[in-house]
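Q: As a plain string of letters, each chain reads:
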Amino acid sequence: MSRGGVPVLEGLSFVLEAGQALVLRGPNGSGKTTLIRTIAGLQPPLEGRVSGIEAVAYAGHQDGLKTSLDVVENLAFWAAVYGGGDVEAAMARFDLTDLRDRLAGNLSAGQKRRLGLARLLVTGRPVWVLDEPTVSLDTASVGLFADAVKAHLASGGAALMATHIDLGLPEARMLDVAPYKARPRARAEDEAFL
Amino acid sequence: MIALLTRDLRLAIRAGGGFGLGLAFFLIVVVLVPFGVGPETTLLARIAPGILWVGALLACLLSLDRIFALDWEDGSLDLLATAPLPMEGIVTVKAAAHWITTGLPLVLAAPALGLLLSLPGPGYLWLFLSLLIGTPALSVIGTFGAALTVGLKRGGLLLSLLVLPLYVPTLIFGAEVARRGADGLAVETPLLMLAGLSFGAVALLPFASAAVLRINLR
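For the record, the sequence lines run as chains A and B. For the first sequence, position 65 matches number 65 in full-length UniProt numbering, and the numbering has no gaps at all. For the second sequence, position 10 matches number 10 in full-length UniProt numbering, and the numbering has no gaps at all.
You may find that some hints are simply not true.
What the hints assert, rightly or not - Selected chain B positions facing chain A (Cβ under 8 Å, derived; list incomplete): (1) R10; (2) L79; (3) A81.
To be verified - Taking CB as the label site, the calculated pair distances span: (4) B:A3 - A:E47: 29 to 39 Å; (5) B:L157 - A:D101: 36 to 46 Å; (6) B:L157 - A:A178: 33 to 43 Å; (7) B:A3 - A:D138: 30 to 40 Å.
Claimed, not checked - Residues from chain A that face chain B, not an exhaustive set, calculated with beta carbons under 8 Å: (8) A40; (9) Q43; (10) V56; (11) G60; (12) H61; (13) S68; (14) L69; (15) V81.
Please keep in mind that the hints were generated in silico from the structure rather than gathered at the bench. Ideal placement from N, C-alpha and C gives every residue a C-beta, glycine not left out.
Same shape as in the complex, but just chain A (with noise of 0.2 Å):
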């Protein structure tokens, strides 16, 4: 797969289970993100494929909300447009119920990620794929994130995500991406049409 034209990542192939949590390491610059984007769908492989893409629900390092809608705004909009899940449950998961009527542009940092994964919960998708959803949290914050994980893969669901803390989840596999580092190849693809 590649990024702006530049192959990044090769040979790498893995499948996730349900209920199985996937953790994928290695040094900025390696490609998790890259590997992320292509698994959630936005961009395609070079060669190989990804199945499964309509079960993933994708959050990236921007937790995509709008600062002038209202927390319960915020939710009810990606609620209705994965087909209605359940917004109290989502807010009561991560604690943001006392902020329900706060405008998203108000909140702080750690807040608003908060928000960005409660989306998660909304879409009812059973694959989250995460591009580091710890940063900006502090550790309780943490915890109610690697809570609702452990609820989400016991529920059958499946979760891959690019982080560099430890969760502490048991049954999280590792992958380090590094060794799979594609070589400098002879002829770029033309990814405009792929």
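Once you have looked at the hints, place chain B on chain A.
A: Frame of chain A; chain B shown alone:
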């Protein structure tokens, strides 16, 4: 998709949403023209349809870069692209939201502003109709331009350069309908051309916009 449309409309009317920007610009242009060309009503009446159409077009152009730029900046465009909505549907809803917040107010305000330019009596109906038929094409073509330039920092200049030539046919036939209507001539031919352009753009361009948006999101 209804949820996306209501969200976009709600965002537009909230603080910082940019609703009324195009309308205010349109008002300013039309109010300033009589100061620029002098107060002769015969001259103003002759140029009124053209001024009103050019003003509406520029007002539309002003708000195009907001269509995708805001969603791109806060990451929600990525999330929308991975959501269970077809990309063609997303760009159609975005164009529709742009038309409702920008095009429709222009259409409704144009007859009132025609009064300021002493537009002749029969011209009001045709001005209103030509804008009503023509502005959806402006929004859809503009959405295509915005999709092409999404992700470019300060892409506004490139967007204008890309979109303006595509706007020319709509402007020619739209202003022709309004001018002929004001002069009491037959309007069928330019009106049919305008409607054809508009429906063609609405039918075909969402597919092109969706394709370039997919490429730009990689």
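Q: Evaluate each hint against the coordinates.
A: Hints and how they fare:
1. For B:R10, the shortest C-beta to C-beta distance to chain A is roughly 7 Å, which falls under 8 Å, so the interface hint holds.
2. Among the interface hints, the one on B:L79 holds; its C-beta lies about 4 Å from the nearest C-beta in chain A, closer than the 8 Å criterion.
3. Because the smallest distance between the Cβ of B:A81 and any Cβ of chain A comes to about 6 Å, under 8 Å, the interface hint for this residue holds.
4. Roughly 37 Å separates the CB atoms of B:A3 and A:E47, a value that falls within the hinted 29 to 39 Å.
5. For B:L157 and A:D101, the Cβ-Cβ distance of about 40 Å falls inside the hinted range of 36 to 46 Å, so the restraint holds.
6. Against the hinted window of 33 to 43 Å, the Cβ-Cβ separation of B:L157 and A:A178 comes to about 41 Å, which satisfies the hint.
7. Between B:A3 and A:D138 the Cβ separation comes to about 32 Å, which falls inside the hinted range of 30 to 40 Å.
8. Among the interface hints, the one on A:A40 holds; its C-beta lies about 5 Å from the nearest C-beta in chain B, closer than the 8 Å criterion.
9. Given hint, A:Q43 at the interface with chain B, holds; its Cβ is 4 Å from that chain's nearest Cβ, closer than 8 Å.
10. Annotation: interface hint on A:V56 holds; nearest CB of chain B at approximately 7 Å, less than 8 Å.
11. Checking A:G60 against chain B by beta carbon gives a least distance of about 6 Å; that is within 8 Å, so the hint holds.
12. Restraint check, A:H61 versus chain B: the minimum CB separation of about 7 Å is within 8 Å; hint holds.
13. Annotation: A:S68 was flagged as interfacial toward chain B, and the flag holds, the nearest CB pair being 4 Å apart, inside 8 Å.
14. Taken as an interface hint, A:L69 checks out: its beta carbon lies about 7 Å from the nearest beta carbon of chain B, inside 8 Å.
15. With 8 Å as the threshold, the beta carbon of A:V81 comes within range of chain B, its nearest partner Cβ sitting at about 5 Å, so the hint holds.
Comparing the model with each earlier hint shows no violations; every hint is respected.
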